[in-house]
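Number of protein chains: 2
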Amino acid sequence: MEAAIVTIGDEILIGQITDTNSVWISQQLTSMGVHIYEMVSISDTGEHITGTLDRLIGKVDLVLMTGGLGPTKDDLTKEVLAQYFGANLVVNKEVLATIEEFFEKRGRTMIESNRRQALVPDNCRVLPNNHGTAPGMWFTRERTHIVSMPGVPYEMKPMLLEQLLPAMTDQMGIPALEHKTIMTHGVPESYLAEMIGDWEDGLPDCMKLAYLPRPGIVRLRLTATGLCTEKADQLLAEEIGALLKIIPEHIFGFDDIFLEEAIGKLLISKGLTLSTAESCTGGNIARLITSVPGSSSYFKGSIIAYSNEVKTENLDIGGAMIEKHGAVSREVVEAMVRGAIGKFRTDTAVATSGIAGPDGGTPDKPVGMVWIAVAWGDRVYSREFRFGGHRELIIEQASMMAIGLLRKMIAGVLAGEKN
Amino acid sequence: MEAAIVTIGDEILIGQITDTNSVWISQQLTSMGVHIYEMVSISDTGEHITGTLDRLIGKVDLVLMTGGLGPTKDDLTKEVLAQYFGANLVVNKEVLATIEEFFEKRGRTMIESNRRQALVPDNCRVLPNNHGTAPGMWFTRERTHIVSMPGVPYEMKPMLLEQLLPAMTDQMGIPALEHKTIMTHGVPESYLAEMIGDWEDGLPDCMKLAYLPRPGIVRLRLTATGLCTEKADQLLAEEIGALLKIIPEHIFGFDDIFLEEAIGKLLISKGLTLSTAESCTGGNIARLITSVPGSSSYFKGSIIAYSNEVKTENLDIGGAMIEKHGAVSREVVEAMVRGAIGKFRTDTAVATSGIAGPDGGTPDKPVGMVWIAVAWGDRVYSREFRFGGHRELIIEQASMMAIGLLRKMIAGVLAGEKN
Numbered sequence: 015m016e017a018a019i020v021t022i023g024d025e026i027l028i029g030q031i032t033d034t035n036s037v038w039i040s041q042q043l044t045s046m047g048v049h050i051y052e053m054v055s056i057s058d059t060g061e062h063i064t065g066t067l068d069r070l071i072g073k074v075d076l077v078l079m080t081g082g083l084g085p086t087k088d089d090l091t092k093e094v095l096a097q098y099f100g101a102n103l104v105v106n107k108e109v110l111a112t113i114e115e116f117f118e119k120r121g122r123t124m125i126e127s128n129r130r131q132a133l134v135p136d137n138c139r140v141l142p143n144n145h146g147t148a149p150g151m152w153f154t155r156e157r158t159h160i161v162s163m164p165g166v167p168y169e170m171k172p173m174l175l176e177q178l179l180p181a182m183t184d185q186m187g188i189p190a191l192e193h194k195t196i197m198t199h200g201v202p203e204s205y206l207a208e209m210i211g212d213w214e215d216g217l218p219d220c221m222k223l224a225y226l227p228r229p230g231i232v233r234l235r236l237t238a239t240g241l242c243t244e245k246a247d248q249l250l251a252e253e254i255g256a257l258l259k260i261i262p263e264h265i266f267g268f269d270d271i272f273l274e275e276a277i278g279k280l281l282i283s284k285g286l287t288l289s290t291a292e293s294c295t296g297g298n299i300a301r302l303i304t305s306v307p308g309s310s311s312y313f314k315g316s317i318i319a320y321s322n323e324v325k326t327e328n329l330d331i332g333g334a335m336i337e338k339h340g341a342v343s344r345e346v347v348e349a350m351v352r353g354a355i356g357k358f359r360t361d362t363a364v365a366t367s368g369i370a371g372p373d374g375g376t377p378d379k380p381v382g383m384v385w386i387a388v389a390w391g392d393r394v395y396s397r398e399f400r401f402g403g404h405r406e407l408i409i410e411q412a413s414m415m416a417i418g419l420l421r422k423m424i425a426g427v428l429a430g431e432k433n
Numbered sequence: 015m016e017a018a019i020v021t022i023g024d025e026i027l028i029g030q031i032t033d034t035n036s037v038w039i040s041q042q043l044t045s046m047g048v049h050i051y052e053m054v055s056i057s058d059t060g061e062h063i064t065g066t067l068d069r070l071i072g073k074v075d076l077v078l079m080t081g082g083l084g085p086t087k088d089d090l091t092k093e094v095l096a097q098y099f100g101a102n103l104v105v106n107k108e109v110l111a112t113i114e115e116f117f118e119k120r121g122r123t124m125i126e127s128n129r130r131q132a133l134v135p136d137n138c139r140v141l142p143n144n145h146g147t148a149p150g151m152w153f154t155r156e157r158t159h160i161v162s163m164p165g166v167p168y169e170m171k172p173m174l175l176e177q178l179l180p181a182m183t184d185q186m187g188i189p190a191l192e193h194k195t196i197m198t199h200g201v202p203e204s205y206l207a208e209m210i211g212d213w214e215d216g217l218p219d220c221m222k223l224a225y226l227p228r229p230g231i232v233r234l235r236l237t238a239t240g241l242c243t244e245k246a247d248q249l250l251a252e253e254i255g256a257l258l259k260i261i262p263e264h265i266f267g268f269d270d271i272f273l274e275e276a277i278g279k280l281l282i283s284k285g286l287t288l289s290t291a292e293s294c295t296g297g298n299i300a301r302l303i304t305s306v307p308g309s310s311s312y313f314k315g316s317i318i319a320y321s322n323e324v325k326t327e328n329l330d331i332g333g334a335m336i337e338k339h340g341a342v343s344r345e346v347v348e349a350m351v352r353g354a355i356g357k358f359r360t361d362t363a364v365a366t367s368g369i370a371g372p373d374g375g376t377p378d379k380p381v382g383m384v385w386i387a388v389a390w391g392d393r394v395y396s397r398e399f400r401f402g403g404h405r406e407l408i409i410e411q412a413s414m415m416a417i418g419l420l421r422k423m424i425a426g427v428l429a430g431e432k433n
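Protein sequences appear in the order of chains F and Z.
In this text, residue positions in the first sequence follow the working numbering: the first is 15, and each later residue adds one.
In this text, residue positions in the second sequence follow the working numbering: the first is 15, and each later residue adds one.
Keep in mind the hints are simulated off the structure, nothing from the lab.
The reader is advised that the hints may include incorrect statements.
When chains are identical, the list treats them as one kind, so a pair holds in a single copy or across two.
Claimed, not checked - DSBU-like, lysine-lysine: derived pairs with alpha carbons at most 35 Å apart: (1) K379 - K284; (2) K194 - K107; (3) K222 - K119; (4) K119 - K379.
Generate coordinates for the entire structure from the input sequences, incorporating the hints supplied.
Printed below as a string of C-alpha cells:
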C-alpha cells in the first residue's frame, strides 16, 4: 500500500515553521507497513490543491492532507475539496454540537467563522475533532482514499491514531514491513560499504539496506517487505547475526540508540564510573555524556583544560613534558587521561588534545589533528586522528571517536584497532 | 521568481529524519524575495526523480534538489540526472583533485566509489564541494534552472551560500529587499512583543517585523521591501535606533551573531578571561564558549562538578554547606563561581547548579530549577530560574541564561535585572 502526505500552508513554504506533522505521520504509517511515496508541502490555493490531487489520485492508495482548515479567510481547503469532489457544503449537526460545546467549555463566544466550520461536504465521511473545531474529511475516488485533517498537531494526532488508523486497517489490506536499524561507529560510509558489500549483495530480494550517515556514526537500516511478521523477524535476525560476524567491533547498538546512551548502559552494566579531561573538545564530551538521563550515576566530572597552565596545575602534567612534546601529543593526552582518573577517582576516563582550528595549525600539527586517549584502570590506549571539516565538525567527530574508543575498550573489542 | 525544493532520500520518507534542509533553504530564498512554490520529498528512484522534474521544469524558475549524491549503491541521482539531461558522465579533474586532497589530508585511502564521485555530467556547471566529496550540479532547461546539491547539511549550506546564491543574484534578476536581524536574549517572545508593540505598530508600511525564537533567544528580523538599498538601509538604521532606546539591555548583537560569539567579542574588547564551573549544564556552557574560533585567547578552563565530592574537592566548597543548603542553592552556586575564579585565576566566571531531570526533582526543588551565578572579580550576581521543557531544553536555556547574564554584567546593564 502506498501513501502520499500533503501539507497545506504558507508558513511551511516560507520556512517559518518546520513540518513536523509529515515526519510523525510517516513514522506511524511506515511502522504499519505503508510505503510513503511522497511528502509535499503546497500553498493553500485551489489550483495547487487540485493539481496535487489530480497527480496523486490513482497513483497512490492514500492521500493524507493536513492544514488549510482553519476558520480564517486564507484557509480554502474545505471549499476546494467540496468543489473538486462535486459536493455541497451542509451543516453537520454533530460537528456543530461539538463546536458549540468547545466554545461553551471555554466560556468564549462563537462567531460566524466558527459556525462555518460545521459545514462539511455532503459526500465525505466526517472524522470528528475531539480537540478543536475543524473536522476531518474522508473522500474516495478511484482506488484512492483522500483524507483531509487539521494541521494543528494536537488535533491531528489523536484524529489519526484514534479514528483513521483503526478504520484503515479494517477497510484496507495492509502488507507487513519490518525494519531494524544497526548503529555503527568508527568507519566512514564508503569503507563500511566495502567491508559489508558481499553481505549486502547476498541479501534476499525481499530485503533492502540503506546507509544513513551522521558525523562519526553510520546507521544501517535493514528492511524486510512482504513477509509475515514472524518470517520477517526471523530473516532480519539471521542477516543481522551474519553482519555481527563481519563487523562485530563497529556495531554499538540497534534502533537509533545514541553512542552516548550505549556507553552509559555499558558503564552501568559493569558498575564503572567515568570522567573526562578535555582540551580541544572543550566540554563537548561531557555535554554528550550528561545529555543522557541518569548519567549522574556513572559520570563524576571533568576538567576542561584549554590553557597549558590549567593542564599543568590540574592534571599533574609537568610543564617540561608539554614543552618537549607539545600539548597535542601522545605523552600529554595519556597524562591527561591518567590525571582525570586520579583526580576524579573514576574507573574509566577519556581525554582529548588537538587543533580544532580554524587557526593554530602548523605543517607538523595541522588543523584537524587530535590525540585521543581512553583509560580503564591502569590500561591506557591512545591514538592520533586527522579529522576533516570545520571547527564544529572536528569537535563533534573527536568527541564521538573518544566515546567510541572507550566503548570498544570496555566491550573488549579494542584489540583489532590499528595504533 | 518561483522556486521548488526537492529532497531525495528514503530516510525522510520513512520518517527517520526530519527534513531540516528544506526549511533552511526556504529561509534563505524567502529572505531574498524568492517565492517557494512547493517543497517535496521523493524517493531516490529514476521514475520519481524524472517525473518530478517533468512536472516542475517550465513551471518554476528554479528547482533546488538535495540528497541522493552519496558514494553508495542506493544513491542514483547523478546517473538519473545525466540520463535526463542527455549527458555523458566524465571525470572532472578539479573535483577529482578536491577528493584526492580530501582523502590525503585525512591520511585515508581512496576507494573506487570515492573516485566515482569525480564523474560529472558533461553539460552542467559544477559547484565544487569544499566540505565533502560530492560536487553540486547546475543544469538549465527551458526557463528553469535545476541545481542538485549534496544532502549533508554542512556540505550543502556553504555550497548554497558561497556559490549558488551569489551566482543567482548575478544571473537572475532578484528584487530589492533588505533585512536586519536584531538578536535579543532574556525575554520570552510574548513579553518582548508587548514591550515593543507600540514601536512595531508604528513601523512604516514598507517594513515588516518577524519574531524568530530559539531556546533562550528571540531574533527580530526587520525587512524593508521595494526601496533602493540606500533608502532601505537608512530606514532600517532609524528604526533600529528607536528600538535600541526601548530595550537596550536585551539586545546583544545583530545579524545572527550567536550569544557565545557576542560574549567572546566583549571579553576580548575588555581584555578579560573566563572560566566555568558547571553542574547541571554538564559542560554545555564550556562547549558553547569553545565553539567560537579564537576562544582560547580568553577561555582558560572549566570544572564540571557533577558529583558533590567533585564540588567539595575541586572548588573548595565545604561539605557542610552542601549538606545545609543543598547543592542546588544560592550559597553553593556562588561558592562555585568564586571557586572557578580562584582555581583558574580568571577575571570572570559563570556557574550553574540545578535539576535537569527527568528524575531528581522534589516539591521544593522541582525539575527545571537552576541556580546561576556570574562573577567579575569580587562582584557576584546570582539568581534562581525555573525553566520548562525536557532535559535538553533545560540545559540549553540555563546555558544561554548564564552567558547572557555574564554579558549583561560586563556590559554594565545588569542593574535593571530583578533578583
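Subject >> Structure versus earlier hints, numbers of those that do not hold, lowest first >> reply: 2
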